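Peer 1: Listed below, chain by chain, are the residues.
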Amino acid sequence: MTRILAWVALILGMLYFILPLVGMTEFSLSMRRGVYSLDAYTTILGDPRFRQTFGYSVLMAVATIIFGVLLVVPTAYWVRLRLPWIRPYIEFITLLPLVIPAIVIVFGYIRLYNTSSWLPLTGSSMGTNLLLVFGYATLALPYMYRAVDTGLRTLDVGTLTEAAQSLGAGWGTILFRVILPNVLVAVLSGAFLTFAIVIGEFTMAALLDRPAFGPFMQILGANRAYEPAALAVIAFAITWACMGLIQLVTRLQKHTRAGA
Amino acid sequence: MVGRPRSPHVTDTSLPPSPRRNVLAPILRMVGVVPFLVFALLFLIGPTLYIVLGAFQRTGGGWTLENIVALNTPSVRNAYWVSIKISFISALLGCLIGFAMSAGAVLGGLPKWVRSPLLTFSGVASNFAGVPLAFAFLATIGPAGLITMWLRQDLGINLRAYGFNLLSTPGLIITYLFFQIPLMILIITPALDGLRREWREAAMVLGATGWQYWRMVALPILFPSLLGCLALLFANAFGAVATAIALTGSSLNIAPILLYAQIRGDVLGNPHLGYALATGMIAITAVANTVYIVLRARSERWLR
Chain H
14 MTRILAWVAL ILGMLYFILP LVGMTEFSLS MRRGVYSLDA YTTILGDPRF RQTFGYSVLM
74 AVATIIFGVL LVVPTAYWVR LRLPWIRPYI EFITLLPLVI PAIVIVFGYI RLYNTSSWLP
134 LTGSSMGTNL LLVFGYATLA LPYMYRAVDT GLRTLDVGTL TEAAQSLGAG WGTILFRVIL
194 PNVLVAVLSG AFLTFAIVIG EFTMAALLDR PAFGPFMQIL GANRAYEPAA LAVIAFAITW
254 ACMGLIQLVT RLQKHTRAGA
Chain X
351 MVGRPRSPHV TDTSLPPSPR RNVLAPILRM VGVVPFLVFA LLFLIGPTLY IVLGAFQRTG
411 GGWTLENIVA LNTPSVRNAY WVSIKISFIS ALLGCLIGFA MSAGAVLGGL PKWVRSPLLT
471 FSGVASNFAG VPLAFAFLAT IGPAGLITMW LRQDLGINLR AYGFNLLSTP GLIITYLFFQ
531 IPLMILIITP ALDGLRREWR EAAMVLGATG WQYWRMVALP ILFPSLLGCL ALLFANAFGA
591 VATAIALTGS SLNIAPILLY AQIRGDVLGN PHLGYALATG MIAITAVANT VYIVLRARSE
651 RWLR
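From first to last, the protein sequence lines stand for chains H and X.
Going by my numbering, the residue at position 135 of the first sequence is 148; the numbering climbs one at a time, nothing skipped.
Going by my numbering, the residue at position 216 of the second sequence is 566; the numbering climbs one at a time, nothing skipped.
Warning: the hint list may mix true and false statements.
As the list claims (entries may be wrong) - Derived contacts from chain H toward chain X, CB cut-off under 10 Å, selection only:
| id | residue |
| --- | --- |
| 1 | Phe40 |
| 2 | Tyr49 |
| 3 | Leu51 |
| 4 | Ala245 |
To be verified - Stretch-level coverage of chain H by chain X, calculated; a stretch enters the list once three of its residues show a Cβ under 8 Å from a Cβ in chain X:
| id | stretch |
| --- | --- |
| 5 | 53-67 |
| 6 | 191-199 |
Stated by the list, open to error - For each label pair, taking beta carbons as the anchor points, the in silico distance ranges come out as:
| id | chain 1 | residue 1 | chain 2 | residue 2 | range |
| --- | --- | --- | --- | --- | --- |
| 7 | X | Gln562 | H | Tyr29 | 43 to 51 Å |
| 8 | H | Val71 | X | Trp431 | 35 to 43 Å |
| 9 | H | Ala254 | X | Gln562 | 43 to 51 Å |
| 10 | X | Thr470 | H | Trp184 | 36 to 44 Å |
| 11 | H | Ile79 | X | Thr423 | 28 to 36 Å |
| 12 | X | Leu442 | H | Gln260 | 24 to 32 Å |
Calculated directly from the structure, the hints in this document are not laboratory data.
Since the model is a prediction, treat every value here as computed from it, not as a measurement.
Just so you know, even glycine gets a beta-carbon here, dropped at the ideal spot from N, CA and C.
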């Protein structure tokens, strides 16, 4: 009886998830009347704006990941090593982006860093790009910090540091050649999740007027019928790929740990 | 003090050297977190404070509650109310359906292989939000969507005639569930794993039925978790902008869309009203998240 109910709950639930996926796939294939075709995809992939905005967003995602790693790994390491009492406060700050909606944060940026302010980041396109990277790093902060901090928990940070120091390593060597390789899986998980968040992000990019993939999708959605569905399929595939990569690196780590 | 040369000798003579180093050491240690704190201050806390403080200031300067009071117009009130309604209903349904699916997979005696794909899929679906999600639902139950056409052509059911419209409150709720349910599954599955088999056996030995076990043991233990999830899902839906804009343009009057329009073009005619609107959103998500954190701490007493 319980088992039947469990199956019913699961199957009904999965039906709800599968139907939109089938819907968007079917829609994306039916641009040509009467037959299935890949026309919507060829149109999209041939659109120079797609290539520009997608390239821009990939670049933003990579910049965000690099900046996020450089910001989070040393901080989380130092907190674990020397300032354990400060950890709850840092953790609280990293969780704030889940409380403060992204639209409010970017609203603050626009007001605080406009052309007449003390730090006119929005005055130039390079400055705005930088601001967008910082904004994305903020959005990714809860996930990145948690991933890295969980990774550090499995290490004996103190002993590793002392061992490295007694062999004559400086802080840079300790961070990049001892700590980073040990939390690489956690960092990669955080990185792929960041990529999935940044690649289609809409609110921040649109309000900062950047030519990113999210705003491009929205504009296309307002004007076309079949191409948006194709974009949805592509976006879903990217999300899958990111999550798949996270699982893959986690599994690889388990194997190396077991083998060691 | 600023322009004067520093005179460390004064303190040096009054204090022996070793305690002084101990006094400085904690400060030096703080240097390691300075970059992070500066970043957080400049790009997270500062901008937010600027908005919140701006909500309580006049255009010319000076503190006031005018902006908050001025928000109390039918249009803004309605925007908040619709937002709260959408977030609450989608959170409630998300909790119920997510719980049912997770309970089915963890406790319902389903084969073991169900669990891992379910969690992986939840990870994907909870991150498949924003603009593409809106496209997926438009292609499915939008005016010309797969299901809409199928119902109309093959079964003669015209959804529109029944008053269903994807670009509306119920439509938004159905769409939001696509990221709400998976999030619920991801949070509640560890809690369900934490229910010990011994508790159930103990209840059975004492003569409880399955229903009694759930009503008197499992649900009371899970209750803080469930309520906490509700709060988190609520906040999750409340801040969602992209899906709503891609789905409805700016036709639906909800708080995030109104704020978006205000940032773009000052539709309220006073920048400080925009700050107040944003502050209201922070206040609502902050309450929801506080509830989540408090209740999670409570539920951890039993579920580890």
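Peer 1: Does each hint hold? Answer for all of them.
Peer 2: Hint check:
no.	hint	result
1	Phe40	4 Å, holds
2	Tyr49	13 Å, violated
3	Leu51	16 Å, violated
4	Ala245	4 Å, holds
5	53-67	violated (count 0)
6	191-199	violated (count 0)
7	X:Gln562 to H:Tyr29: 43 to 51 Å	31 Å, violated
8	H:Val71 to X:Trp431: 35 to 43 Å	40 Å, holds
9	H:Ala254 to X:Gln562: 43 to 51 Å	47 Å, holds
10	X:Thr470 to H:Trp184: 36 to 44 Å	38 Å, holds
11	H:Ile79 to X:Thr423: 28 to 36 Å	45 Å, violated
12	X:Leu442 to H:Gln260: 24 to 32 Å	31 Å, holds
Violated hints, in rising order: 2, 3, 5, 6, 7 and 11; the structure is consistent with all others.
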